[in-house]
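Protein chains: 2
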Amino acid sequence: YLAVLALSSLGLMCILFTIYWMRYWHSGFAWDGTVLMFNCHPVLMVTGMVVLYSAASLVYRLPQSWVGPKLPWKIGHAAMHLMAFILTVLGLFAVFNFHNHSKIPHLYSLHSWLGITAVFLFACQWLLGFVVFLLPWASLQLRSLLKPFHVFFGASILSLAIASVVSGINEKLFFSLKNGTSLYSNLPSEAVFANSTGMLVVVFGLLVLYILLA
Amino acid sequence: YLAVLALSSLGLMCILFTIYWMRYWHSGFAWDGTVLMFNCHPVLMVTGMVVLYSAASLVYRLPQSWVGPKLPWKIGHAAMHLMAFILTVLGLFAVFNFHNHSKIPHLYSLHSWLGITAVFLFACQWLLGFVVFLLPWASLQLRSLLKPFHVFFGASILSLAIASVVSGINEKLFFSLKNGTSLYSNLPSEAVFANSTGMLVVVFGLLVLYILLA
Ligand code: HEM
Ligand code: HEM
Ligand code: HEM
Ligand code: HEM
Ligand SMILES: O=C1O[C@H]([C@@H](O)CO)C(O)=C1O
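Keeping their order, the protein sequence lines are chains H and Y. Going by the numbering used here, the first sequence opens with residue 1, and the numbers climb by one from there. Going by the numbering used here, the second sequence opens with residue 1001, and the numbers climb by one from there.
Among the clues, some could well be false.
[Unchecked claim] In silico DMTMM-like cross-links for lysine to aspartate or glutamate, where the CA-CA straight-line distance does not exceed 25 Å:
hint: 1; chain 1: H; residue 1: Lys172; chain 2: H; residue 2: Glu190
hint: 2; chain 1: Y; residue 1: Lys1103; chain 2: Y; residue 2: Asp1032
hint: 3; chain 1: Y; residue 1: Lys1172; chain 2: Y; residue 2: Glu1190
hint: 4; chain 1: Y; residue 1: Lys1178; chain 2: Y; residue 2: Glu1190
hint: 5; chain 1: Y; residue 1: Lys1172; chain 2: H; residue 2: Glu190
hint: 6; chain 1: H; residue 1: Lys103; chain 2: Y; residue 2: Glu1190
hint: 7; chain 1: Y; residue 1: Lys1103; chain 2: H; residue 2: Asp32
hint: 8; chain 1: H; residue 1: Lys74; chain 2: Y; residue 2: Asp1032
hint: 9; chain 1: H; residue 1: Lys178; chain 2: H; residue 2: Glu190
hint: 10; chain 1: H; residue 1: Lys172; chain 2: Y; residue 2: Glu1190
hint: 11; chain 1: Y; residue 1: Lys1070; chain 2: H; residue 2: Asp32
hint: 12; chain 1: H; residue 1: Lys74; chain 2: H; residue 2: Glu190
hint: 13; chain 1: H; residue 1: Lys172; chain 2: H; residue 2: Asp32
hint: 14; chain 1: Y; residue 1: Lys1172; chain 2: Y; residue 2: Asp1032
Keep in mind that the hints were calculated from the coordinates and are not lab data.
Could you build the full structure based on these sequences and the hints that come with them?
Take a look at the structure:
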């Protein structure tokens, strides 16, 4: 299927661009509470809460999932969302840990308010999906009643994640490009590159939402 | 209709919060190229490209529009979108003019790249909608072929506008709250107020998208 290939490449590019941005302009990664640990935050958020999240959400859009038994697809859907959620939590841990070490307060920016809301809804969605759709107790009526809300919240969480990525990239560039010739407003190469990464994530997200809601 | 009332109040609150933010913490408005002219930018963008835009898009969701002749509703839809577009262009003019006067370069931030993309798509959408749906030449087939794209782009443009508002509020707070006790990270009252305004716009936008796409 050509569409799957195109979308996967686009998602992969979002991840690779973010990694390249952090490696090339911000000295790469570590897990030690320094700014190198912060650098894991953008990569883990884009990988977990945008790309893997999208892949997990689109599982039922594969024609293969429409035939044969449903349970394996459900388990796949839930397991992929669980992995996406684990990467998301690691990404949050990276930035919280960096803030602790650098004595920066938590949860002050609109970026962080929106981001934490998205992650909170993600957790609720996972628990509710697990309890209602995977555990065997729920009746068919309850499931079909909740399904449209499940889909709508799934799409909303992705939208919030995209808005978080955009505001995050934007603020990081204002932080780091503020002196001398490499002012953000002079549009140095890092700014062009990271702005493009942001636009790429937006295009990817809109395509996923289109396939999801069409 | 209770839902209309609730949604209108929420939209009105988004506008009033933005005005209050600019009046109370940024000395209000003017049309003179100073930062007081910049202050018109957030208000006009939220009013035009979020609230009026949403009202215009939801016109066909009113049960009243499903009976009787369609033309008056079409004209209303197109006229409201035209007004929304005019406010949007005035809002852009406010910030471009301010940048000219203060010798700040144009279109460097991810906020501005995303924003200008949203406005460009808005213009295309208006022209295409006008040519295909309002002028009498297009066949029924063409119209029903284009309609799902019209709706999808309509929803995408609103999503981009929401992401622009979030990144705009976020960066404005990093600009203006950077010295002494009123650091953004100390979460002074302006930060709480403007973050809340941003969250309000997000909630409003998600509700509109839900009604639009449900
Ligand atoms: C789904 C995506 C994302 C979510 C949910 C998210 C969430 C968060 C949260 C909750 C915080 C607050 C941490 C604390 O207060 O200790 C934060 C901080 C931060 N994030 Fe993200 N983030 C996302 C993507 C990104 C991306 C792609 C970047 C790009 C560089 C980024 C840059 C930042 C920066 C610079 C901070 C520290 C300043 C602040 O608190 O606003 N974020 N993020
Ligand atoms: C945070 C985690 C989750 C998210 C974001 C999410 C998202 C989604 C989305 C977007 C859809 C719509 C797919 C479509 O319409 O084709 C969907 C469908 C579904 N999800 Fe989830 N989901 C999550 C967790 C779960 C879990 C844990 C289960 C448990 C098995 C589950 C079960 C289902 C089922 C049964 C459907 C309906 C498929 C159908 O009949 O078309 N979801 N989910
Ligand atoms: C739909 C909503 C919005 C759109 C489409 C939008 C679009 C734009 C554009 C195109 C620019 C570039 C102007 C130039 O380069 O001369 C800009 C600048 C700016 N906007 Fe917005 N804007 C929106 C909402 C907001 C909001 C709500 C705020 C909140 C204060 C805001 C704050 C700013 C700031 C501080 C700048 C100057 C710095 C920069 O170029 O990023 N914007 N906006
Ligand atoms: C940028 C401007 C525009 C935007 C953002 C926009 C947005 C939308 C949206 C979101 C819908 C979906 C409503 C629904 O499904 O209930 C819609 C429907 C429609 N729009 Fe527009 N529109 C724009 C301009 C126009 C113009 C200029 C016309 C010309 C008359 C037009 C004609 C229509 C028609 C005929 C429908 C279909 C109504 C139906 O049969 O359900 N639109 N528009
Ligand atoms: O990456 C970051 O940069 C700023 C600060 O360290 C100034 O550079 C901050 O809060 C981050 O999370």
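Taking the hints in turn, this is what the structure says about them:
| no. | hint | result |
| --- | --- | --- |
| 1 | H:Lys172 x H:Glu190 | 11 Å, holds |
| 2 | Y:Lys1103 x Y:Asp1032 | 15 Å, holds |
| 3 | Y:Lys1172 x Y:Glu1190 | 11 Å, holds |
| 4 | Y:Lys1178 x Y:Glu1190 | 12 Å, holds |
| 5 | Y:Lys1172 x H:Glu190 | 21 Å, holds |
| 6 | H:Lys103 x Y:Glu1190 | 22 Å, holds |
| 7 | Y:Lys1103 x H:Asp32 | 41 Å, violated |
| 8 | H:Lys74 x Y:Asp1032 | 59 Å, violated |
| 9 | H:Lys178 x H:Glu190 | 12 Å, holds |
| 10 | H:Lys172 x Y:Glu1190 | 21 Å, holds |
| 11 | Y:Lys1070 x H:Asp32 | 63 Å, violated |
| 12 | H:Lys74 x H:Glu190 | 41 Å, violated |
| 13 | H:Lys172 x H:Asp32 | 20 Å, holds |
| 14 | Y:Lys1172 x Y:Asp1032 | 20 Å, holds |
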